[in-house]
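*Asks:* Chains as they are written, first to last, in the numbering used here: chain A, 1 to 299; chain B, 1 to 230.
No lab work stands behind these hints, which were simulated from the structure alone.
Careful, some of the hints might be misleading.
Computed list of lysine-lysine pairs in BS3-like fashion (alpha-carbon distance at most 30 angstroms, straight line) [said to hold, decoys possible]:
# : chain 1 : residue 1 : chain 2 : residue 2
1 : B       : K93       : A       : K254
2 : A       : K254      : B       : K173
3 : A       : K254      : B       : K124
4 : A       : K282      : A       : K10
5 : B       : K173      : B       : K189
6 : B       : K67       : B       : K124
Computed from a prediction, not measured in an experiment: that's the story for all the values here.
So you can see what is in the structure, the chains are spelled out below.
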Amino acid sequence: MCGIVGLFLKDRRLEPVLGAHLATMLATMCDRGPDSAGFAVYGDAASGAIKLTLRAPDGDTDFAALAARLGKTAGVSIAARRHDSHAILTLPADAEGRVRAALAETAPEITVVGSGRRMEIYKEVGRPDAVAARFGLASMTGSHGIGHTRMATESAVTTDGAHPYTTGRDQCLVHNGSLSNHNALRRELIREGLTFETENDTEVAAGYLSAKLRAGLSLGAALEHSLADLDGFYTFVVGTENGFGVLRDPIACKPAIMAETDAYVAFGSEYRVLVDLPGIDKARVWEPEPATVYFWDRP
Amino acid sequence: MTTAIDLARTPLRDLNAALHRLAPDTNERHWRVANPRGRHAVACGLQVPVTVEIAGHVGYYCAGMNKAATVIVEGNAGTGVAENMMSGFVHVKGGASQSAGASGNGGLLRIDGNASARCGISMKGIDIVVGGSIGHMSAFMAQAGNLVVFGDAGDSLGDSIYEARLYVRGAVKSLGADCIEKPMHDAHKAALHAVLERARLAGTIDVSSFRRYGSARRLYNFHVDNVDAY
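Isolated chain A, as found in the complex (with noise of 0.2 angstroms):
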């Protein structure tokens, strides 16, 4: 199984709710994926500065301390935020590069999840509501955000086989189904010169479309390329900076539904995700199409 949630506002009024209903809606879905959760938040950015989400093995790591050695190392000025296991590191877009040599060199066992402009993921073991509540997703604020419950099949409960899996700066994947090809998918994208921390399906995915992307593609048209390459089941909930994306696989079999108001576009496994969602009542309620790739932004 697995379920997928997912929220872009139209309408910025919503934006200080963003987090809460998205814990609503991944709360919903613990149903369909108990074991672990995660999701990515499009919140603020700041101009010539880009956010990575690190994540620390155990929950002793004085990520403070860290930003203070990584800025003294890197040159540069760098603001960390707390989000237990995880946090966001605030730097200059232009010392990504070294900062990130500098994590390798001194943290190693530092994780980074992802990185963006506005993009932050978190992602652990454990009920989705759970996972919800320690990381203070209710809380956070933003444009428009996706999520996941897993219930896993083609990998380990670990937390890197939990989703979102990042596609590149600003970019993430969530996914339910699973690949068939993903083997063999990933040795090709491996001689292309990807690199995979998992055995998982998605990870899979997500490179696919990370390398369609810096081959110039847009993501409409990336999306379009993977119906060819990409085989199993799957429903893909993508995010980037400005907008997200749904593909389903021809055969959909994986359920989707979907919402639109004035305020919002939303995406659920299940109609249940939405039920909490305001105005859903007068909402227009559909199932996407199989083979069709949606796409909402906003400038």
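Guided by the hints, dock chain B onto chain A, whose structure is given.
*Replies:* The following block gives chain B in isolation, referenced to the frame of chain A:
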């Protein structure tokens, strides 16, 4: 007399248990259910001729295994609405997700909006009337009954079909293996009219505007030319 149930206050299992306890001669013949909020298995397994109206969207398997009852969904239905229905009438006023009416043995399922993939898969005698369009692989291995579609049909309609009858008014994207278009004679128009009557839709649409599809019967009978395959 109407029995009103608010699922915001009454657990779903209590509602279904109360419906299952009804005797065939019950006086509680009209039920109204508020706040379904996409819950799964609402009004499943009913066995007596009562009417259940559901005010909103439902989740999976609503009115599954229905016998004799009338179930009306005033919204959309998730996967497998009226699956394995034996008799009775199920009316979805919105759209339905995949596998609507799957394996149904009898009764009538009416969907006013669209139905997605695999509508009427393995249908065994149920009648399904869809006011909108249906998705791919609909009527896959359909054995008996009628599937009537006012709109279009997706890919591979009627793949590996047995003896079900398919009537589609709009475009068929493609026909599945062994499914062919067949002539629409007066007897078929009369049969279609009878289905529409049962769906309470007779007179709303011209039966001669439909095209008929069914089995070419080349696939499910053993053919001696295929003997080497065994």
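*Asks:* When the hints from earlier in the document are held up against this structure, which numbers fail?
*Replies:* none
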